[in-house]
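Student: Protein sequences appear in the order of chains A and B.
If you read the first sequence in this note's numbering, its first letter stands for residue 1, the second for the next number, and so on.
If you read the second sequence in this note's numbering, its first letter stands for residue 1001, the second for the next number, and so on.
Hints were generated in silico from the structure; no laboratory data involved.
Fair warning: this is a prediction, and the values are worked out from it, not measured in the lab.
Mixed in with the good hints there might be a few duds.
Unchecked claim - When the alpha-carbon atoms are kept at most 25 Å apart in a straight line, the in silico DSS-like pairs for lysine-lysine are as follows:
{"hint": "1", "chain 1": "A", "residue 1": "153", "chain 2": "A", "residue 2": "358"}
{"hint": "2", "chain 1": "A", "residue 1": "105", "chain 2": "A", "residue 2": "153"}
{"hint": "3", "chain 1": "A", "residue 1": "358", "chain 2": "A", "residue 2": "449"}
{"hint": "4", "chain 1": "A", "residue 1": "358", "chain 2": "A", "residue 2": "105"}
{"hint": "5", "chain 1": "B", "residue 1": "1105", "chain 2": "A", "residue 2": "153"}
{"hint": "6", "chain 1": "B", "residue 1": "1114", "chain 2": "A", "residue 2": "153"}
As the list claims (entries may be wrong) - Restraint ranges, calculated between C-beta atoms of paired labels, are given here:
{"hint": "7", "chain 1": "A", "residue 1": "29", "chain 2": "B", "residue 2": "1087", "range": "34 to 40 Å"}
{"hint": "8", "chain 1": "A", "residue 1": "56", "chain 2": "B", "residue 2": "1069", "range": "32 to 38 Å"}
{"hint": "9", "chain 1": "A", "residue 1": "374", "chain 2": "B", "residue 2": "1095", "range": "39 to 45 Å"}
{"hint": "10", "chain 1": "B", "residue 1": "1003", "chain 2": "A", "residue 2": "202", "range": "18 to 24 Å"}
{"hint": "11", "chain 1": "A", "residue 1": "37", "chain 2": "B", "residue 2": "1095", "range": "36 to 42 Å"}
Even for Gly, the Cβ is constructed at its ideal location relative to N, Cα and C.
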Amino acid sequence: MWHLITAPVLLPFLTALLIMLPPVHYSPMRRRWLSMISSAIQLVLVVILLLQVQQQGLIHYAVGNWQAPFGIILVADTLSVVMVCLTSFLALGAICYGSAGEDEKGSFFHPLFQFLLMGINGAFLTGDLFNLFVFFEVLLIASYGLLIHAGGKNKTKAAVHYVVLNLTGSAIFLFSLAVLYGTLGTLNITDMAVKVAALPAEDLMLVKAGGLMLMIVFALKAAVLPLQFWLPATYSSASAPVAALFAVMTKIGVYALLRVYSTIFGENAGPLAGMASDWLLPAGLATIALGAVGALASPDFRKLVANLVLVSVGTLVSLVALQTELSAAAALYYTVHSTLVTAALFLVADLIANQRGKAGDRLVSGRRVSQPILLGFIFMVGALTVAGLPPFSGFVGKLMILQSAVEPVSRILLWSLILLSSLMVIVALSRAGSTLFWRVSGTESGGGKAPPLQVFAVIWLLLASPLLTVFAGPLTTLSQQAAAQLYDTTTSRNSILGQYPVQESKP
Amino acid sequence: METLFACCIGFLTACGVFLMLRGRTFPVVLGLTMLSYAVNLFLFSSGRLTLRGAAVLGTTEQYADPLPQALVLTAIVIGFAMTAFLVILAIRARADLGNDHVDGKLPESELSKKESR
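Please put together the full structure from these sequences, using the hints given.
Tutor: Quick look at the structure:
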């Protein structure tokens, strides 16, 4: 059981290799089944891992038995394992959806999907900044392949922008890692926190520059305001199951921001404590506003959902900037909720587009959908959830967020922006819904019925919303525990670096 | 040595950024390659520049930090793969979109030139 923490990384990796080998590779059904079964197993394993972390507290695993701070370690605390659980849950839904036919529109859908999962899980579990870079690259190169899956002009155009931007981001990431390694002499996140706390004054500005460059990289991944222009085009042009899984990729940026700025540059960092908040709070709030306006202005439903992703990213980044335990707990709950619901909405957009003939998901009058009751119900649940109306999980999430803003200034800003943006999202969604379902011409529907597997996948993702509400009590406790563990740097330091005395920083 | 090294990295970065801001995909690819060279050199220098220092303990008086070397190696491999992918993607974009501009369409000025011809 000690090696269980490596399972979320190794299992997708081995599955991807197996899918590419002859007995499986030549049969579409075998590829699908293997992919689905593997992600179901992964979901079970990470839930076991979560229970283990609940019992034993933080677990760390030295890869190749090279102990921290010298080797690479994997760290499983409640926060990272909850994120991995979320990814596995989402991946299962997305793979089911893709297996209904979307995967055969191009080659290597399932292997790339599994490699993407490996990268995402690795990025959540790693305890080393350079290893984080490596996992970022693993997930990025898989996402490049998935983005142009099924081909087409729009996808190629979006992919060029996405790839160039992310390569630039990787270059900046490496610059900042070099600065931080040159001054701190380590890349282990926990060890860096120790070194930053005892930083000599002459290195202060260098570390600050390195830390802020890191913020640029993570903000690019998360799509925060000045760096968000790639997101709507990329997410709306990707095929539906890919866009659904991409919904968790922005959250990796948010997770990395939370991890780095609350551990390395947290309370103990002396003059560097909370250095990112001054930048992140305005950027996050502006992202909320921009996302809400973008949602109102979207010409098609997929762009609208992509803008909803922006709203959720802005909310999360503002919460990260607040840097309190309460806000981190609210952020974790909201991450789970918003990722699942936006992913589900991407799938719903595809279902609707498939049934409206030529009009697709554009917000113009078109043919009627062939399953108005089913799709209408799914759309309504998704819309109510994402807008944050009771009784669905968005309401609980927004309530936690509003409660977590304690200081007067942040409270005024956050409350007004979140409530206003919710209103704008409701307006945008009701406009979209009435156009898609009611402004119909003719009596013929534009396509056949949705395959049962796709309907199952959407319901699987949307089911999380009522569950998140029903089990809101235990889940808020869980996210509060995760936040407490995140800010309890002493315990994590003792458990990870326990055997080694704290060394002087490098001359 | 440090000054020369720093100037080299600075020059490479400047060239890279300039090329990346061009409108066609080929200069952008070249710019990214330049930038990744600059990054690799910079990463290497984070272990300090030492002359005649082995990365193995006990063989010389002075020794070099082996970790940045390992990091650079990883970064080179990843950068190489990414550049290869980007080149293929740029060719694909040229075929799909009918031109080699990053935005997928010719800018206004070139369009009018083409029409007047």
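Student: Assuming the hint says 18 to 24 Å, is it satisfied by the Cβ distance from residue 1003 of chain B to residue 202 of chain A or not?
Tutor: 19 Å, holds
Student: Regarding the pair residue 1114 of chain B and residue 153 of chain A, is the alpha-carbon distance no greater than 25 Å?
Tutor: Holds, at about 22 Å.
Student: Given the hinted pair residue 1105 of chain B and residue 153 of chain A, is their Cα-Cα distance within 25 Å?
Tutor: 11 Å, holds
Student: Honestly, do residue 56 of chain A and residue 1069 of chain B meet the 32 to 38 Å range at C-beta?
Tutor: For residue 1069 of chain B against residue 56 of chain A, whose Cβ atoms are near 37 Å apart, the range 32 to 38 Å holds.
Student: Please test the hint of 39 to 45 Å on the beta carbon pair from residue 374 of chain A and residue 1095 of chain B.
Tutor: 40 Å, holds
Student: Between residue 105 of chain A and residue 153 of chain A, is the straight-line Cα distance small enough, at 25 Å or below?
Tutor: Since the Cα atoms of residue 105 of chain A and residue 153 of chain A sit roughly 15 Å apart, the hinted pair holds (cutoff 25 Å).
Student: Within 34 to 40 Å or not, the Cβ separation of residue 29 of chain A and residue 1087 of chain B?
Tutor: 35 Å, holds
Student: Measure nothing beyond the straight line between the CA atoms of residue 358 of chain A and residue 449 of chain A; if it is 25 Å or shorter, mark the hint as holding.
Tutor: Given pair residue 358 of chain A, residue 449 of chain A holds - Cα atoms ~16 Å apart, limit 25 Å.
Student: Given the hinted pair residue 358 of chain A and residue 105 of chain A, is their alpha-carbon gap at most 25 Å?
Tutor: Answer holds: residue 358 of chain A to residue 105 of chain A is near 19 Å, not above 25 Å.
Student: Looking only at beta-carbon atoms, does the pair residue 37 of chain A, residue 1095 of chain B fall within the given range of 36 to 42 Å?
Tutor: Holds, at about 38 Å.
Student: Are residue 153 of chain A and residue 358 of chain A close enough, with their CA atoms no more than 25 Å apart?
Tutor: 17 Å, holds
Against the hints set out earlier in the document, no violation occurs for any number.
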